[in-house]
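Assembling the complex is the task here: the two chains are given apart, and the hints tell you how they should meet.
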Amino acid sequence: MSIVTVQLGQCGNQIGFEVFDALYTDSHCPQGLCSKRENEAYQASCKERFFSEEENGVPVARAVLVDMEPKVTSQTLSKATQSGRWKYGQHSCFCQKQGSGNNWAYGYSVHGPRHEESIMNLIQKEVEKCDSLSGFFIIMSMAGGTGSGLGAFVTQNLQDQYSNSLKMNQIIWPYGTGEVIVQNYNSILTLSHLYRSSDALLVHENDALHKICAKLMNIKQISFSDINQVLAHQLGSVFQPTYSVEGSCHYRRNPLGDLMENLVPHPEFKMLGIRNIPQMSENSLAYSTFTWAGLLKHLRQMLISNSKMEEGIDWQVRPPLPGLPTLGKASLNRGLHFNMSIANLVILRGKDVHSADLGGFKDSALYTSWLEPINAFNAWKTHRAFSKYEKSAALVSNSQFLLKPLDTIVGKAWNMFASKAYIHQYTKFGMEEEDFLDSFTLLEQVVASYCNL
Amino acid sequence: MEEGVVNEILQGPLRDVFDSKQLITDISGSGNNWAVGYKVFGSLYQEQILEKLRKSAEHCDCLQCFFIIHSMGGGTGSGLGTFLLKLLEDEFPEVYRFVTSVYPSGEDDVITSPYNSILAMKELNEHADCVLPIDNQSLFDIISKIDLMVNSGKLGTTIKPKSLVTSSAEAVKKWHQRPFDAMNNIVANLLLNLTSSARFEGSLNMDLNEISMNLVPFPQLHYLVSSLTPLYTLADVNIPTRRLDQMFSDAFSKDHQLIRADPKHSLYLACALMVRGNVQVSDLRRNIERLKPSLQFVSWNQEGWKTSLCSVPPVGHSHSLLALANNTCVKPTFMELKERFMRLYKKKAHLHHYLQIEGMEESGFMEAVSSLSGLIEEYNQLDATKSMPVEDFPRLSIAV
Chain Y
1 MSIVTVQLGQ
11 CGNQIGFEVF
21 DALYTDSHCP
31 QGLCSKRENE
41 AYQASCKERF
51 FSEEENGVPV
61 ARAVLVDMEP
71 KVTSQTLSKA
81 TQSGRWKYGQ
91 HSCFCQKQGS
101 GNNWAYGYSV
111 HGPRHEESIM
121 NLIQKEVEKC
131 DSLSGFFIIM
141 SMAGGTGSGL
151 GAFVTQNLQD
161 QYSNSLKMNQ
171 IIWPYGTGEV
181 IVQNYNSILT
191 LSHLYRSSDA
201 LLVHENDALH
211 KICAKLMNIK
221 QISFSDINQV
231 LAHQLGSVFQ
241 PTYSVEGSCH
251 YRRNPLGDLM
261 ENLVPHPEFK
271 MLGIRNIPQM
281 SENSLAYSTF
291 TWAGLLKHLR
301 QMLISNSKME
311 EGIDWQVRPP
321 LPGLPTLGKA
331 SLNRGLHFNM
341 SIANLVILRG
351 KDVHSADLGG
361 FKDSALYTSW
371 LEPINAFNAW
381 KTHRAFSKYE
391 KSAALVSNSQ
401 FLLKPLDTIV
411 GKAWNMFASK
421 AYIHQYTKFG
431 MEEEDFLDSF
441 TLLEQVVASY
451 CNL
Chain A
1 MEEGVVNEIL
11 QGPLRDVFDS
21 KQLITDISGS
31 GNNWAVGYKV
41 FGSLYQEQIL
51 EKLRKSAEHC
61 DCLQCFFIIH
71 SMGGGTGSGL
81 GTFLLKLLED
91 EFPEVYRFVT
101 SVYPSGEDDV
111 ITSPYNSILA
121 MKELNEHADC
131 VLPIDNQSLF
141 DIISKIDLMV
151 NSGKLGTTIK
161 PKSLVTSSAE
171 AVKKWHQRPF
181 DAMNNIVANL
191 LLNLTSSARF
201 EGSLNMDLNE
211 ISMNLVPFPQ
221 LHYLVSSLTP
231 LYTLADVNIP
241 TRRLDQMFSD
251 AFSKDHQLIR
261 ADPKHSLYLA
271 CALMVRGNVQ
281 VSDLRRNIER
291 LKPSLQFVSW
301 NQEGWKTSLC
311 SVPPVGHSHS
321 LLALANNTCV
331 KPTFMELKER
341 FMRLYKKKAH
351 LHHYLQIEGM
361 EESGFMEAVS
371 SLSGLIEEYN
381 QLDATKSMPV
391 EDFPRLSIAV
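Those sequence lines, one after another, are chains Y and A. The numbering of the first sequence is UniProt numbering, which starts it at 1 and goes up by one. The numbering of the second sequence is UniProt numbering, which starts it at 1 and goes up by one.
Calculated directly from the structure, the hints in this document are not laboratory data.
Result set (EDC-like, lysine to aspartate or glutamate): computed pairs, CA atoms no more than 16 Å apart in a straight line: (1) 79/Y to 201/A; (2) 220/Y to 245/A; (3) 420/Y to 392/A; (4) 420/Y to 378/A; (5) 47/Y to 21/Y; (6) 71/Y to 201/A; (7) 297/Y to 363/Y; (8) 420/Y to 433/Y; (9) 97/Y to 61/A; (10) 97/Y to 94/A; (11) 97/Y to 201/A; (12) 428/Y to 89/A; (13) 428/Y to 94/A; (14) 79/Y to 21/Y; (15) 215/Y to 311/Y; (16) 211/Y to 289/A.
Stretches of chain Y that chain A covers, calculated by requiring three or more beta carbons in the stretch to come under 8 Å of a beta carbon on chain A: (17) 224-232; (18) 416-422.
Some chain A residues flagged as far from chain Y (calculated, every beta-carbon gap over 10 Å): (19) 6; (20) 7; (21) 12; (22) 25; (23) 45; (24) 54; (25) 294; (26) 352.
Note that the structure is predicted; figures quoted are calculated from it, not measured. Glycine included, C-beta positions come from ideal geometry on N, C-alpha and C.
Just chain A, same shape as in the assembly (with noise of 0.2 Å):
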């Protein structure tokens, strides 16, 4: 809802890749307001909006999911960014919602975050099929550990520029004065492949709405935590089986998570596995054999896995990974983000530039908490019943 942003990609290198005639913006942006970006803008451009999804969607032979890219912190992405998500639903309700959504860290700069943040997680919990939380602070930390590689001169490891997660080796040199960019390439990364399956031949394929279909065992429990390996590829070094055990590892280990969590201390309801390049189904195996130990699965689910095998590797790699939990650990990160909430609206601070837009009442924001109470409790549920011994339910019996 402001140019800025628009007008530097339609003036950037990839100009030609997106439609000029597919934009919409306005001039003065949200203010960092939900209630802006949902109430005003939303209702202003509905009608425009449709216009250029109906557009986009009958270029399609069989359109089968709508990624959104958006932030929960702010005004456009948050408010006018679950209001599409509203409306996909209601216009195209057979066709798959994925939502990519960076949630505000404990340090961001927007003092509003957590009420944004929560008005639009009841959106979410109720009309996306399937979320990928990123925090900024795990982004910023990967990106730490390249520099810490590329700069630290060890011995024998020369890294190749083209394999970075966070990509093209001018990114990385400037990434001092420009981070985003980098972070954004490591979710970049994510996104391809998320789809690459679709997209390339394999010998076991995953689709977009497997995804779904898979990791989200009840409605509301659709939030995944995604982790990327390798982040770079080391050249000169052969030692094959090896490193591509290490990949799995990786992928497992909390440096490579785009959100912070920690998934092997909570309960797995789900995971899938989406592996690219010269992988072969024993090497998954193997692996998932290796790791499942040191995982607990929730009682219902203990062999809960959904793996994907893809013959093209990503650029610069020989072979990469993309693991997605559906895990209980993303509890305490809805957890603190209630408590920010909280903090912010028992004082009642801020809270009159929400009440003053049309449509927005005190209702909105107790609805918004219950729905996240909710999702926080069936977690907890869930959560206990982690150290209970595993039973069976008994079998229906059958007169012989």
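With the rest of the complex left out, here is chain Y (with noise of 0.2 Å):
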């Protein structure tokens, strides 16, 4: 089955073109680790996914692009089909002259009507080129005003029209200090409308992205290019094909699907976050050598401190002892904060992934009461190694991962409702203080459902 995936603004075109040429360049990488013929299904079903075929040959993202000023579109297209490896269709792209201004309202009630009818349009071939379709990737970041604004329309479009398909929203979460000063605003009004219509909400941090790329992939001089790719890594690791039950060369057919029914139990709680190990530059790959024993242990220590990488993660955490009570809000303050979680999947990818043992994650101390780790905690074992790592392990979360951030993001923004800074840029194009105020009541209510784990 296929994705569909729509890159909004800015951030949302920057990263799909990252994150398309990822996956082309993992599932055509020489050193998969694996048989010719194991390789070639990977291929085939990496395709299936994620491209369609023109006529020479050429394979095409499938993918819709959407930004209300033509600079960064028409270099996405240009970069990729520079590349000669890959490109996106001609006429896959829709765009503007003026921008939004940074402004949510503008990006919903401005541009959202006014191009509903072009944007889907563009939406359906898409879809239509689809064999059959899993669903939708939509990518966006909650600080702009295309991608935030834009996007949210975008998303409950989607809802309307494509009732039965699935939607799973890639947000980024901006600088904690400041790329916009109103970035708090539209993020609190992205994450209250997409938490109405999407299914799933993976969640990225630039300030975690960029303490990778300076910890972990040494690089000194940091562009959004840098962070992008590592953020094209995670998704790849995540979302290439994996072996279905059957066992090798067949692959899951359905991504979107089985993501969801593994992580997402409750519409109560959609937040997602992704851990990767192992994370280096290629300089440093040569030389280094992993266990799956060793891998895991990290893996679940990030998990379980939320710590964002494997370096300086806090060993001190430990799972709460069977009995106790849950802390609940105080403990958002406490500096051993334990990372409960809802559901867990972890994807291993590599050599003897069948020898990996997993027992550390399916420990019940880990998860709420209302599921059985059996239920909460699932794995994917694929032998087809990912992007040169002999061996690596993605994590994806339903857990407090997200918690303090967005706390925080509440926390500002309601700062600066309450001294009515700026709220005139949003009355202008229709909205009022209340939906600001019903955004607010949602996401205080999801901060206080996850606190509450």
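Below, the structure is given as structure tokens:
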């Protein structure tokens, strides 16, 4: 089954390019560490999911590019074409001239209705190219105007028009210290709307990706391109084909459905985070060897202590002893906060993958009481190595990963709202203070729910 | 409203850049009288102006913004300029209006400049989206600084001629005779940097509508202090990172501002950094972290930074930075202006020149002053919060 990607705004388009590039490069990587037959099945499965074919054999990404100003999309299109390996469809791009001015209301209330038909038509065309549709992957940022506002609008439309298909939104959490001054407003408006219309929110934080570039990849002058490549690597390790129950050469057919089934058991809890191990520069890779035991031990502790990467993990954090009550809201401020999970999915790729022992993840102390670990935890294993890493492990987690960042953003937005700063910029385009209050209420509810796990 | 300047442009090296049909001139000028510019020439030329504006607008696929460039102290720029502002708001309500205003310095030669400025301020308060105030004294100081560097002949410092923010080596040599050309070049560079992200590609674009969105938290508080760095590039100097960080520090130094003000000792409401050239997001973040502690931000916008990265640097530089700050430090400028106004107004000096124009009444003056007082009061209220501890507002509590 295929996934149709919708790239929105500068962030969405810049990331989308890196994602497709990473997916393509990996699927054509000769160091797959598996048999030729397996490799070919892998390539075919990856292709079915993400690329369609054109007459001259160049794979075309199953994607729709949307932006309200032309510079980024034309850059993205030409970068892809110039690579010669894959490209975007010639007519898959919708763009306007004037931008959204970092204004959620402008993206949602003005651009949305105005361009609804054109955008949905483009998506429809892409959907028709698929033999069978697994769902939509929508890449957008929360801080700007197009990705956030128009992204929320498009997701809502997808829910109306394709109610049987799944929607996963890849959201970029902006740097804590502003990229955009009104980013907190745009973020809470986006999150509250997506919570109602999306099936799962996969979140990546710029701060975390930045640290990975600095500490693990050893990049001195970090550019957005570097950050996006780390992100693409993480997404690739999740979305590339994995074996289904039947074993090797048979890959899972419904990636989004399988992800949601495992990770989103309850509509109140939709926020997912990804952790990936190992992650390092290519130079270091040549000199490193890993064991599954070591990797999984680190990954488990990253989960428990809510660490964003494999350096600087807090090994003091332990799962709570059974029988003790959960700490609730007070725990937000305590140092040794244990990260409670609802559901986890571990994806292992590479050599000797079947020997990997995942017992540590099946500990019931890691999970809330309402799901048995056998339902809360799942593992997918694939021989075929990912992106030159002899062994790599990815964790997709529905847990309290994003509780603190969410709480922080809601707090900052609330402070600004209480002073009424910038509100006139939003009400100018048809929004009202009521809409803000609704968003705050919904998100406080989400914070409370995650807090009380 | 007089022909001299426009004619000079039409005969100068840029004559082909301007469409000679898109000109409106008169003969006698406005006599440094806001009322003549606004009331007399405004009504006289309204139709013509509208017609030419519509013609220009038709050429655009998508019109986003008007730039109005004028001075506050004179008659035409100030009076007709602000009349135009109102016209644009009525005719093109969805198009942003950015105004670059040259404010009169303490010692300027137009006696009625306080009247003109205050009358114009009311219009700017009500009808502009964003104002970039500039004063000639600051521009002059910048040129003097450059002159010092160029002529000081310090060891090992040779300056690339094209890199001067006052541009063109000739302008520097001749600036003693024609200082305004060099000074105006600085303002031109300001506008170039402002629009760079819209004209060129970059990893984090910023359009003009984003400036208004991020830097104007309340409709009236739309006055932005601008500073430009670097002023020149030293040739043969290869210390990249230090020079880059120095650029950020300079942007927050008073020497690089286009208006006399002291932002560091006042309250920041918001700040935008528009970077051009080979600068990456990590450089940006590092410098923000470094400079943040020395700046005071308003309580509800503690991390109020808007950033943009454009890949193409200005001519002659490897990188450049334009900082726009919405800061309460503009208050003293306005208060001084008000004071100068009151000194004249109390004596009713020169008032008759204005009142004899049809449509002008004393109430107009009173309204203008109260508009300015209202603005100053808003800044005062924000300043009062400066030393107060930052307290979070109590959040909504949800029944679980």
